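Chain order of the listed sequences is A and B.
Going by the numbering used here, 194 is the number at position 194 of the first sequence; the sequence numbering is gapless.
Going by the numbering used here, 86 is the number at position 86 of the second sequence; the sequence numbering is gapless.
Please keep in mind that the hints were generated in silico from the structure rather than gathered at the bench.
It cannot be assumed that every hint is accurate.
Pairs involving identical chains hold if they fit within one copy or between any two copies, as the list cannot separate such chains.
The list that follows gives simulated cross-link-like pairs (lysine to any residue, SDA-like), each with its CA atoms no further than 25 Å apart [as the list claims (entries may be wrong)]:
no., residue 1, residue 2
1, 541, 28
2, 637, 454
3, 636, 484
4, 499, 530
5, 407, 103
6, 546, 147
7, 27, 180
8, 7, 330
9, 493, 634
All of these numbers come straight from a predicted model, not from anything done at the bench.
2 protein chains.
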Amino acid sequence: MGLGNIKRKLIGKPFPTSMEIHERLDKVRALAIFASDPISSNAYATEAIMSVLILLGYGAISLTFPIALGITLLVLIVVFSYIQTILHYPNGGGSYIVAKDNLGTLPSLIAAGALLTDYILTVSVSVSAGIRAITSAFPALKDYHVALALFAIAFLTWVNLRGVRESGTIFVIPTYAFVGGVLLVVIIGLVRTLGWFGASPLPVNPLPTEQVSLIAGVGYAWIILRAFAAGCTALTGIEAISDGVQAFKPPEAANAAKTLVIMAVIAMSLFSGISFLSTHLHLIPNEADSILSQMTRTITGGGFLYYWVQLFTMLILILAANTGFQDFPRLSYFLARDNFMPRWMINRGDRLVFSGGITVLAVLSSLLVIIFQANEIAMLPLYAIGVMVSFTISQAGMLHLMSRIGKIKPGESITTLETTIHYEKGWHWKYVVYAIGSLTTLIVFLVLVVTKFLEGAWITVLIIGLLIAMFYEINRHYQRVSKALSTKDLVGKENSIIKIADVVILPMGDVHKGTLRALQYAVRMSNDVRAVSITTSEEMKERLMKRWNRFPGITKNAELICIDYDYRDVLDPLIDYILKVKREEFPNQLITVVIPEFVTESLPAQFLHNQTANFLRFRLRNQPNIITVEIPFHIKKNIPLSSYKEKDEGEEDAPSKQDDSPD
Amino acid sequence: MGLGNIKRKLIGKPFPTSMEIHERLDKVRALAIFASDPISSNAYATEAIMSVLILLGYGAISLTFPIALGITLLVLIVVFSYIQTILHYPNGGGSYIVAKDNLGTLPSLIAAGALLTDYILTVSVSVSAGIRAITSAFPALKDYHVALALFAIAFLTWVNLRGVRESGTIFVIPTYAFVGGVLLVVIIGLVRTLGWFGASPLPVNPLPTEQVSLIAGVGYAWIILRAFAAGCTALTGIEAISDGVQAFKPPEAANAAKTLVIMAVIAMSLFSGISFLSTHLHLIPNEADSILSQMTRTITGGGFLYYWVQLFTMLILILAANTGFQDFPRLSYFLARDNFMPRWMINRGDRLVFSGGITVLAVLSSLLVIIFQANEIAMLPLYAIGVMVSFTISQAGMLHLMSRIGKIKPGESITTLETTIHYEKGWHWKYVVYAIGSLTTLIVFLVLVVTKFLEGAWITVLIIGLLIAMFYEINRHYQRVSKALSTKDLVGKENSIIKIADVVILPMGDVHKGTLRALQYAVRMSNDVRAVSITTSEEMKERLMKRWNRFPGITKNAELICIDYDYRDVLDPLIDYILKVKREEFPNQLITVVIPEFVTESLPAQFLHNQTANFLRFRLRNQPNIITVEIPFHIKKNIPLSSYKEKDEGEEDAPSKQDDSPD
């Protein structure tokens, strides 16, 4: 079974291009798909806050809920901003597009770099957290968690390479099942906490007796800031809807905005509920058992509902990882279209998906999982940074857009590169919101960088920097290509692009059927054929000339040039000769080199031959204006052989042993 | 600094072929070089015997000396055989040559496989033992012994790739210094043991009180056999002189035979001396401190003489490893000449040495050192097997030669493939010696296989088997090549080797400077040029035709064929078209495909393009009778660019973005 067949079995039959349709999502499905990322961050966001607060001692855990409320407020601002973004960029307004439209190239590339980093982390973090939901419930699986995470990424890659459309509805279940399950747990928890309906009170963990002296003053504030920064992972994924407005049914923008609001309400209800109850229950972060798992077990007693929540925690997290598989290739596509990423990322694969982007994402996120041993809490410092960068840039871009809108007179409209803007009455209010929003996220970003720099945020900063440098380098390359290929000045002069010299050089180690065949081809191409042989001994030279003269029918039309050479590496003098001919006889012209080459019956057999032809082609490749013509000579497997030639019969006719060129 | 320069610095300036001279060795230097291998086995042979005997309890160590005497007897037989071999094969009579001349192909290949395995092991074992001599003296180095062994192999590789001739004399010192040192130690040891000259008696180790019940009967004999087999490593290296007779000054054979005798006398004196003293001193094998080191320290008290012996033990062992670097490439050369190894092993490298063989040997022996963690005692079971195989085959070959000699009448002579034989009076005595010799080594071989099979001998047997299969496979390949290239039936018909079709197919993604240049070349080659474009959309097709028609000067001489295709993988329909043209229009003829190709300004930039040209060439390569012509188009680094093209100017003229073919 060849490679092609394996691919066919794994990925499925290719789809024709005409099958590409733009399926629209209703709000129920759109919510499930877009909200999986922000809603699923509830699996770890509360825990991220508590992991920092614990540094102040067990007592400080009680600060979790107030900090969670602060983060909820931040979410409100960001959501309001994004509703406006959606309404102003109905064709899709991710940070990259908004920044490109309003702030110029560099800010847009910073946003793009941050987002690409983030999408990779979405996959690594979500998959790792999802596997932890399961290992929390089944501790026996803990030893295999890295392998399980890698398997999950492989599964997502496979599903995405096949194209996910056909199984779209299946993806709706985990989100709603998760939201329903956790909401039920939170409600039971609240009811029992408040003692309503005569419910039995919750078993609150006793606080450890150990009395940690609270850190005071600046140190204290610093840890609170760090806890706040850590909790900001709850904001990840909010921007996804703004990028995918076109996936909604008409009216696209309005539907998208409504979905965004519902999503924010659900995500923040769960977040504050979980944070409140975890604080109330005095839960302590523990690597083997996530906070959400502890809370659910305490409230439900570990029965059916517990396993329901754990299962759908895993599934919604896998689904969240899947958003990375949607977003990364789409952004790569936008960047490739603008010549900032390799152009092959534009191409759709066999199943009409961006196979290139999917594969790159799978490799990079798997690497992260291996490096961080599938520990998502350790990856979070890298994660939130990128989100805040893109929020800040996106809102700064919208701020600029609002100032442009402010200059429009009533009834007028302006078309920017990406959208059309009209006069708006309340533009200055929105301007203020964007100012506050971008300032807030900028401050959070700075807090994140400062507080988490040593924890790993420097890696994100470094990677974003390298990505931006790469974007520019790629762009320069495509500019060079475009200039080089331009046909602007060619019209009417198309026959004089280059002068083609009437010369063919044929490197030849020996006269045999393979080289004679090549000679026959060369003679047909040119009146000035030069068979060049590097002769390393007198005998070789004599033998060669004798055999050459035996075939006057062909050889009379060519010239045999023997170059005596007292070393064994025949490539150097051959290339010297070719370059000399080019330089002295045919400067600025195309010259042709015909290379006879063995193609053996099997790949290992290729190693039984000097790779002269391959090396020659490789070295000539860097010389401009040299054309190489390969004349393959196939050695077939089914030639009848004597069982073993006891002794070479010394036949004059057998090809030379010392030199088995053409190859 | 390019790769070529690095190589030049490391290996040195290439030597011209005419520099090749056949330097002859006088007996003093020849002894040092050839004897290093057998003499150096004294560093571990005694220990190998003791390591087995210890299984019977400490008391059994006393059997070491008698077993050593038995091995010495075996050496006598083998040496006598090889003296005759040298005299009958003055051009060099290694096992491979003798077997080929007398027994046929299969036995010669078995011998060759055994010897190649052995030469690899010579390097691994000797280097490991050499490093152990040093770590015995300086235990602090013990932790780095694998790295040190690999470094030693790298050093030997480097020296051999540079060509060792220039520093030949340096290699004489370790052998004589080692022999002198150990001989002195043995003499002092004997003198003190016997109490001559009133010398102080040696401090004999007290035997541990632990009383091990001796294993009786068959088990006992079995362990004695195993100990004997283990000690046979003392025989390694004896055959080397027979292979290198031509390296001696005339009379070559006589000098070689004399050297062989002296070598055997020295090696066996040391071996029996060391075995006697180690037994007498009740030394116990210990991985951290070799037996030779223990003995020398006990006898000399650990002073200057101790470090002298340890240092030169290491150096002679490194020198012994070096014989592997001489023998492996030489035997590979013989095999390659007979078409049983890749032909490039015939070629001499820059410094007139067999670079290919040296490199292969270095890689394989390093692998063994890593696998066995530089523990030479663990490698010995693999080692002695190959030696015995080659001894047995060599002597069986000589046995056959003697029977042929027996049939010659006085005054007559017969020329075999490799040598000339004459009537000999005492041939039947020699016949008897070879019969005894080959039978003895065959028995030792069987004992080794049986006793050491599970210890690792099976690996050797397996490898030898695989090597023989490889030899045959390689031979079959070269036979195929030879038949395929034969020009026997071509004389006078050289112009009709193949019919060359007047057609050129030019795959083309877009009309730009690169493809127009290729088209210009194609039009010059043929009257039937077909530019084939796989069009994946109507727009692409229209755009292409519009641009095609803009350059009638070239395009009027060619035909544009647009193939509509509803998938993205354009390679398949392209290849289908090419094969269809070949099959339907030009069966059994050579057809030509011209492939325009980007050569980017740097290697990473190549990844920014579809590798269409490379994939196309790769896939066409397996099709007989398709010639590919590559028209490289170089993207230069120094094209002036605007700093950033804010927006594509939408110029009609820029090459298409969707499809950046040619590449």
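Which numbered hints fail:
1, 2 and 6
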